[in-house]
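Chemist: Input sequences plus hints: build the corresponding full structure.
Protein chains in written order, with UniProt numbering: chain Z, 1 to 275; chain D, 1 to 275; chain G, 1 to 275; chain V, 1 to 275; chain Y, 1 to 275; chain F, 1 to 275.
Watch out, some of these pointers could steer you wrong.
When chains are identical, the list treats them as one kind, so a pair holds in a single copy or across two.
Claimed, not checked - Heads up, simulated PhoX-like pairs for lysine-lysine below, C-alpha to C-alpha not over 25 Å straight-line:
| id | residue 1 | residue 2 |
| --- | --- | --- |
| 1 | K154 | K20 |
| 2 | K221 | K144 |
| 3 | K127 | K200 |
| 4 | K12 | K77 |
| 5 | K221 | K20 |
| 6 | K248 | K20 |
| 7 | K77 | K154 |
| 8 | K20 | K33 |
| 9 | K33 | K200 |
| 10 | K33 | K77 |
| 11 | K101 | K154 |
| 12 | K221 | K154 |
| 13 | K127 | K77 |
| 14 | K12 | K248 |
| 15 | K221 | K101 |
| 16 | K200 | K101 |
| 17 | K12 | K221 |
| 18 | K101 | K127 |
| 19 | K33 | K127 |
| 20 | K248 | K200 |
| 21 | K154 | K33 |
| 22 | K20 | K144 |
Source of the hints: derived by calculation from the structure; they are not laboratory data. Predicted, not measured: the structure shown is a model, and the values here were computed from it.
There are 6 protein chains.
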Amino acid sequence: MSNKETTKDSTKELFSVLVKEALTLSNSEPLLKSVLDELIVFRQSFAEVLAMSLSRKLASSLLSRSQLEILFLSTYKENPSIVEDATADLCATMDRDPACKSYLEPLLFFKGYQAIQAYRIAHVLWKDERFFLAEMLQSLISQKFAVDIHPAAKIGRGIFLDHATGLVVGETARIGNNVSILHGVTLGGTGNETGDRHPKISDGVMIGAHAQLLGNIHIGKGAKVGAGAVVLEDVPPHVTVAGVPAVKVGRPENALPSLEMNQNFTRDTNSKPAK
Amino acid sequence: MSNKETTKDSTKELFSVLVKEALTLSNSEPLLKSVLDELIVFRQSFAEVLAMSLSRKLASSLLSRSQLEILFLSTYKENPSIVEDATADLCATMDRDPACKSYLEPLLFFKGYQAIQAYRIAHVLWKDERFFLAEMLQSLISQKFAVDIHPAAKIGRGIFLDHATGLVVGETARIGNNVSILHGVTLGGTGNETGDRHPKISDGVMIGAHAQLLGNIHIGKGAKVGAGAVVLEDVPPHVTVAGVPAVKVGRPENALPSLEMNQNFTRDTNSKPAK
Amino acid sequence: MSNKETTKDSTKELFSVLVKEALTLSNSEPLLKSVLDELIVFRQSFAEVLAMSLSRKLASSLLSRSQLEILFLSTYKENPSIVEDATADLCATMDRDPACKSYLEPLLFFKGYQAIQAYRIAHVLWKDERFFLAEMLQSLISQKFAVDIHPAAKIGRGIFLDHATGLVVGETARIGNNVSILHGVTLGGTGNETGDRHPKISDGVMIGAHAQLLGNIHIGKGAKVGAGAVVLEDVPPHVTVAGVPAVKVGRPENALPSLEMNQNFTRDTNSKPAK
Amino acid sequence: MSNKETTKDSTKELFSVLVKEALTLSNSEPLLKSVLDELIVFRQSFAEVLAMSLSRKLASSLLSRSQLEILFLSTYKENPSIVEDATADLCATMDRDPACKSYLEPLLFFKGYQAIQAYRIAHVLWKDERFFLAEMLQSLISQKFAVDIHPAAKIGRGIFLDHATGLVVGETARIGNNVSILHGVTLGGTGNETGDRHPKISDGVMIGAHAQLLGNIHIGKGAKVGAGAVVLEDVPPHVTVAGVPAVKVGRPENALPSLEMNQNFTRDTNSKPAK
Amino acid sequence: MSNKETTKDSTKELFSVLVKEALTLSNSEPLLKSVLDELIVFRQSFAEVLAMSLSRKLASSLLSRSQLEILFLSTYKENPSIVEDATADLCATMDRDPACKSYLEPLLFFKGYQAIQAYRIAHVLWKDERFFLAEMLQSLISQKFAVDIHPAAKIGRGIFLDHATGLVVGETARIGNNVSILHGVTLGGTGNETGDRHPKISDGVMIGAHAQLLGNIHIGKGAKVGAGAVVLEDVPPHVTVAGVPAVKVGRPENALPSLEMNQNFTRDTNSKPAK
Amino acid sequence: MSNKETTKDSTKELFSVLVKEALTLSNSEPLLKSVLDELIVFRQSFAEVLAMSLSRKLASSLLSRSQLEILFLSTYKENPSIVEDATADLCATMDRDPACKSYLEPLLFFKGYQAIQAYRIAHVLWKDERFFLAEMLQSLISQKFAVDIHPAAKIGRGIFLDHATGLVVGETARIGNNVSILHGVTLGGTGNETGDRHPKISDGVMIGAHAQLLGNIHIGKGAKVGAGAVVLEDVPPHVTVAGVPAVKVGRPENALPSLEMNQNFTRDTNSKPAK
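Modeler: The following block contains the structure:
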């Protein structure tokens with residue numbers, strides 16, 4: 001399914017790959033040795049790497065780097081599953097982004113990857129009823145990465161957010177596993193009433209750039225939403241929709257279009273889903 | 001019209017509510033006590049709270065936190081009406097955003113709210129013919145909040161900017177009172193000639209996510225622009241438009257769709273405006 | 001073609017104009033004297049001005065202001081042609097943006113201008129096979145300016161990026177000379193395969209706000225892409241396209257629509273290219 | 001007694017003098033306008049000036065500028081007498097230092113003045129049994145100003161610490177009113193036993209540079225300690241001591257040698273105290 | 001020998017005491033919780049506590065906090081004995097300083113303690129022939145703590161530097177174990193020739209405030225140097241010297257005057273050393 | 001006179017030696033490459049090196065790094081002779097300090113060297129009647145380096161300040177050429193009257209650690225002041241004084257004791273000055 005090195009199946013393996021990449025890179029680019037040492041080489045686990053790296057990005061006048069670092073470290077300690085989510089997301093990104101050549105790149109450079117990992121912390125805080133702190137984190141993510149994910153939203157693993165600028169995910173949105181979402185996408189609400197009012201995205205869905213999905217609608221497994229679509233109604237599984245408002249235009253070539261990352265919807269018109 | 005606590009009718013009351021919220025929050029979340037004390041509890045007016053909070057967000061290598069703080073404080077002192085605008089905007093946000101549970105949230109966390117308050121300062125500077133300084137502020141807002149509002153634009157009060165990322169408002173644009181605008185919206189120009197070339201938005205209008213409104217067009221009172229619409233012509237009052245390019249698709253359910261925040265336009269097809 | 005002061009034909013002249021503007025401005029706005037002295041008046045060349053100004057904007061926990069300053073200065077020294085590109089871009093911006101009244105404004109305030117100059121540095125690093133460092137720069141640009149240009153993309157001179165928030169330019173994209181691009185535009189790929197997979201934009205093209213151009217398609221010389229269009233196929237020279245998906249709707253009024261900056265496409269229906 | 005402008009008798013008057021000095025200075029030295037505005041002109045009381053100015057000097061990785069500012073402001077509010085002490089110290093410094101030409105100089109520049117005002121805060125914290133916080137402040141003062149005053153020490157008002165580098169004042173030391181102390185002076189203990197073990201300095205005493213006063217000894221009113229003296233025994237009132245160990249060498253020319261600041265002790269041999 | 005809690009005999013025990021002290025303190029002084037968490041509670045060893053704390057104090061434009069942290073951590077890893085030295089010094093300080101009530105105080109607040117631990121790092125670098133880096137550290141220590149210890153000097157363990165401001169220790173100086181040194185002391189050279197030219201201090205010596213010891217002289221075991229003395233010749237064991245130049249004035253009351261910390265030398269005249 | 005590499009006779013040569021040292025050092029200690037590049041290798045003159053290096057050390061909340069850098073660069077431009085003084089001081093330090101092995105060390109690490117170069121700037125400002133700014137610089141020097149030199153003092157070239165902590169030089173003091181001064185020294189005043197009241201130090205004088213020189217006294221050419229001396233009267237040329245108060249104890253072995261750096265005064269008793 002991927003012509004790259006098979007994705008690591010454990011966080012531990014991933015960590016040792018990152019250290020190797022960092023050491024190799026330090027040799028060829030001495031300018032970066034000190035930051036790679038600090039963020040990767042001198043760390044003792046992938047969780048520590050994440051905590052250090054995210055806290056440097058999100059530090060602000062509201063919460064200092066040290067306060068964030070401690071908050072993240074303790075959250076990871078008590079919630080090891082979100083570190084595994086982070087591993088799955090990193091592997092998904094490596095698999096699906098043809099411009100990505102090392103695990104270090106998304107980890108250190110992709111604001112989509114960083115935003116979703118920070119959201120995972122905020123989501124834990126939200127579940128612990130530390131609502132205000134969770135919203136503060138949401139605010140920092142929105143200001144630093146231009147990605148606005150409500151901490152109450154529920155998001156699976158193996159998520160790839162490409163480019164990410166402008167992504168909005170509302171309070172009652174739900175995203176399954178192995179979903180790929182381009183930049184400028186909205187999973188938005190319709191109306192000022194509280195209650196379940198945001199989209200539900202099933203496993204394997206691919207959502208093209210600048211697509212606007214609005215309301216408590218259901219996007220079926222393996223569906224594909226074309227770039228620039230405005231989706232206001234349910235989308236059945238393995239169907240491609242496009243247009244303003246969006247209508248069915250065909251079926252994705254692949255059972256899981258999120259792995260393929262093909263934003264073009266014109267060629268889907270007569271296709272059938274591959275196994 | 002709102003099932004939340006009635007909006008405060010004065011800046012002074014709002015300030016005392018903020019202090020109470022901050023004190024309550026400090027108790028439940030000690031991590032935030034020091035920043036809440038500094039930004040809210042130890043201040044003496046809502047104007048001071050705004051000046052402190054905005055200057056921390058916008059500080060940069062061009063203008064330091066202290067320089068901004070002084071600039072904002074003195075601008076508020078001589079232009080008390082923009083502090084009242086800020087009060088109205090905060091109440092509007094609290095009223096219309098179902099995910100918002102306290103006044104502190106938009107004040108401290110919503111970049112739409114913060115961007116528009118900083119624009120209000122820049123607008124005063126522009127009117128005082130301090131053009132370059134006003135543009136510097138515009139630039140800081142654009143870089144920190146990804147919101148680009150020209151300081152010469154004219155904007156009323158009771159404005160709610162939801163999510164806000166990517167909003168663009170041009171030099172000769174005009175926005176009335178009680179307007180709600182989602183993220184990714186453009187009030188843009190058409191052409192490289194100077195002169196009146198941007199949209200005019202009337203009271204009570206609701207503009208959905210990623211709508212592009214271009215040229216010196218007039219959007220009538222209580223109109224609604226669907227998400228993803230590209231609007232190139234005038235829109236009459238109490239009409240819903242959608243599509244690329246946008247056409248009339250119905251009428252909003254409500255006389256002031258900005259209060260309702262319903263981005264869905266399919267159900268508007270046969271509806272009549274409620275009084 | 002432009003009713004403003006004729007664009008300077010050399011980097012040296014531009015530099016002396018900038019110094020004059022800075023001195024005039026320091027007089028009328030003493031608050032800015034110190035930053036203008038530092039960034040403009042005390043510098044000895046336009047290259048130095050660029051290096052100082054960009055490094056202040058892009059400084060982060062990954063690369064310090066000083067590290068960036070040195071990197072930029074040495075890159076400019078060995079690649080003087082990208083300083084000339086920067087001159088051409090600054091003149092293009094001044095010419096085409098009616099809201100822009102001095103050369104200092106785009107230089108210091110426009111994140112589109114700043115992003116493309118930083119990209120030019122990253123592109124040199126990429127050609128020198130310093131891939132990771134180039135990607136780090138791309139990441140800084142994306143986080144600070146919300147503009148995501150892959151360092152391998154090839155971009156001509158005389159480029160004007162208006163507002164810029166959310167622009168995405170992929171790895172194998174190519175942009176000619178004298179092109180104007182609005183905010184929210186994507187030059188994106190289609191699929192997870194490596195290889196030539198992004199749009200090619202010819203000279204003089206104008207791309208409206210939030211247009212999505214996807215795949216290895218060719219946009220002909222002097223073509224115009226309407227705001228909000230989703231373009232999935234080739235566009236012939238001197239043709240206007242619009243809609244989702246985009247279709248031909250007419251011809252631009254002008255041979256080089258990028259100079260005119262008219263995003264409206266409805267009036268192009270029956271027009272013929274001038275000149 | 002002083003050929004300078006009569007010292008202000010109230011904190012309020014002093015504050016208005018400081019504002020006037022700052023405004024005059026801003027005119028002649030525009031480089032300093034912004035810092036003078038921030039620290040003096042835009043403040044509303046002398047207490048606020050002190051809190052702002054000291055917190056900027058003492059900010060560190062242990063306590064941030066904001067944390068210190070809030071701590072100082074609230075301490076001044078509840079202990080107005082230490083603001084009056086600060087007024088008296090400023091007037092004393094102005095009176096006795098011939099190189100000092102404005103009240104702004106000691107306020108902003110003299111680390112002796114700043115150290116003693118910070119000590120006054122620490123002393124209040126100590127009396128409130130916030131021992132650790134008081135010691136943290138002592139540590140910050142020692143690291144920033146090279147002045148080490150234990151927060152439990154008791155110090156009167158009208159104190160002038162000239163140059164100040166290296167001053168050490170121990171836990172059970174006591175200093176009266178109108179005392180002048182040069183740099184390098186120690187009021188130190190003798191032994192590792194807790195208990196009353198440091199010098200007691202009466203009103204009007206002058207202690208020359210690098211004098212070492214050790215143990216629970218009593219220095220009488222109007223006494224003078226020569227530069228470089230090592231004092232291990234009581235000194236009677238109106239007596240000059242000098243040498244290692246110190247012996248009586250004469251009597252000060254003046255009843256209050258602290259006002260005269262004459263470190264020379266050779267001419268005191270036969271003199272009698274003036275009234 | 002000490003009426004305080006018996007000194008911990010292992011670094012591990014010390015670390016757990018520090019954590020307990022930090023937790024207790026966080027409760028009574030919430031303002032400090034975040035810094036205590038970061039520096040103590042969330043660390044995993046005393047070495048890590050030292051590295052974090054020292055790097056925050058010494059960070060500068062020459063070496064960043066992160067660079068120092070990494071340098072210190074790796075030095076401690078490869079030289080565990082200097083961590084044990086740090087334990088011994090902390091216990092010595094606790095034992096001999098009557099004003100010191102917890103292990104946290106010297107660790108976080110005493111610049112003498114911090115300076116000597118930073119010197120221990122520099123000394124390892126010097127022995128590894130990283131001379132310039134060692135001198136850079138010496139320079140940082142001198143600027144931040146006003147303590148100037150040459151990295152080539154050799155210093156034992158159980159050292160207590162009280163107040164510390166102005167201490168100077170030259171390149172070929174040697175200090176034994178269990179020595180106590182007050183502020184303002186110089187172990188200096190005589191002349192511009194390279195070679196062995198600084199004092200050698202034996203075990204158990206106590207050197208009073210501002211004493212100047214110059215040249216390749218030997219201070220015998222258990223000797224005491226009075227405050228303000230200028231010592232230019234050898235001092236035999238268990239002898240007290242004082243004066244300018246220093247002469248023998250008696251014998252310390254105690255075999256190890258460094259434990260007693262009595263700077264007074266007048267009472268030593270007829271005394272005999274206690275066992 | 002010196003057994004080291006002959007001192008460079010021009011600032012230009014010195015600059016090229018510094019660049020060579022920096023390049024060599026960058027190779028052996030990659031951790032320092034970035035700071036050495038920034039401060040030395042990428043600079044174009046010794047004046048620029050000084051301005052960059054000093055401004056980084058002295059930056060504070062009163063004057064930013066950039067403000068200082070610009071101030072220093074412009075002062076050097078208009079007063080090239082103080083750059084030559086800085087060259088002479090650097091060579092003097094290299095010559096007389098046996099622990100100093102490269103020109104980079106005093107330049108980057110010795111606070112005595114840095115303090116005197118910053119004083120030279122302040123002195124120019126004082127002569128230009130920018131008194132307050134000069135005093136602000138004096139204050140920064142005192143707080144960062146623990147060296148307090150009044151900007152009105154007059155100081156020659158070829159000055160070596162060893163260790164430097166605690167040095168105080170008063171308003172009307174004068175220091176000739178080729179003088180060496182140890183730490184803790186005071187050139188202080190006697191009394192609160194304005195007027196000429198501080199010591200005058202002739203060429204070639206050596207002043208030992210912690211010596212206190214007080215009043216308008218004259219120290220003759222080639223004289224030597226012993227460590228810890230308190231000097232209250234004139235000292236003839238080529239004489240050694242010591243003690244409290246200081247008396248003549250002999251003659252320096254060398255015509256210019258400042259070159260020899262011998263603080264010991266006991267061996268001077270019967271010696272004659274060498275030619």
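Chemist: Does each hint fit the structure? Answer for all of them.
Modeler: Consistency of the hints with the structure:
1. K154 <-> K20: neither (33 Å within a copy, 32 Å between copies)
2. K221 <-> K144: neither (32 Å within a copy, 35 Å between copies)
3. K127 <-> K200: So K127 and K200 pass the 25 Å test inside one copy only (19 Å; across, 43 Å).
4. K12 <-> K77: both (15 Å within a copy, 23 Å between copies)
5. K221 <-> K20: neither (37 Å within a copy, 47 Å between copies)
6. K248 <-> K20: Neither: 46 Å inside a chain and 52 Å across chains, both beyond 25 Å.
7. K77 <-> K154: This pair counts as within: shortest intra-copy Cα distance 20 Å, inter-copy 42 Å.
8. K20 <-> K33: Result: close both inside a copy and across copies, 13 Å intra and 23 Å inter.
9. K33 <-> K200: Intra 43 Å, inter 37 Å, cutoff 25 Å: neither.
10. K33 <-> K77: Close across copies (20 Å), not inside one copy (28 Å); limit 25 Å.
11. K101 <-> K154: Between copies only: 20 Å across chains, 29 Å inside a chain, cut-off 25 Å.
12. K221 <-> K154: Cα proximity of K221 and K154: one copy only (16 Å, versus 38 Å across).
13. K127 <-> K77: Within one copy, since 16 Å is at most 25 Å while 39 Å is not.
14. K12 <-> K248: neither (43 Å within a copy, 54 Å between copies)
15. K221 <-> K101: neither (29 Å within a copy, 34 Å between copies)
16. K200 <-> K101: Intra 32 Å, inter 24 Å, cutoff 25 Å: inter-copy only.
17. K12 <-> K221: Neither, since 31 Å and 52 Å both go past 25 Å.
18. K101 <-> K127: between (35 Å within a copy, 16 Å between copies)
19. K33 <-> K127: between (38 Å within a copy, 21 Å between copies)
20. K248 <-> K200: within (18 Å within a copy, 29 Å between copies)
21. K154 <-> K33: neither (37 Å within a copy, 29 Å between copies)
22. K20 <-> K144: Answer is neither: 29 Å inside a copy and 29 Å across each miss the 25 Å cutoff.
When the structure is compared with the earlier hints, violations turn up for hints 1, 2, 5, 6, 9, 14, 15, 17, 21, 22 and for no others.
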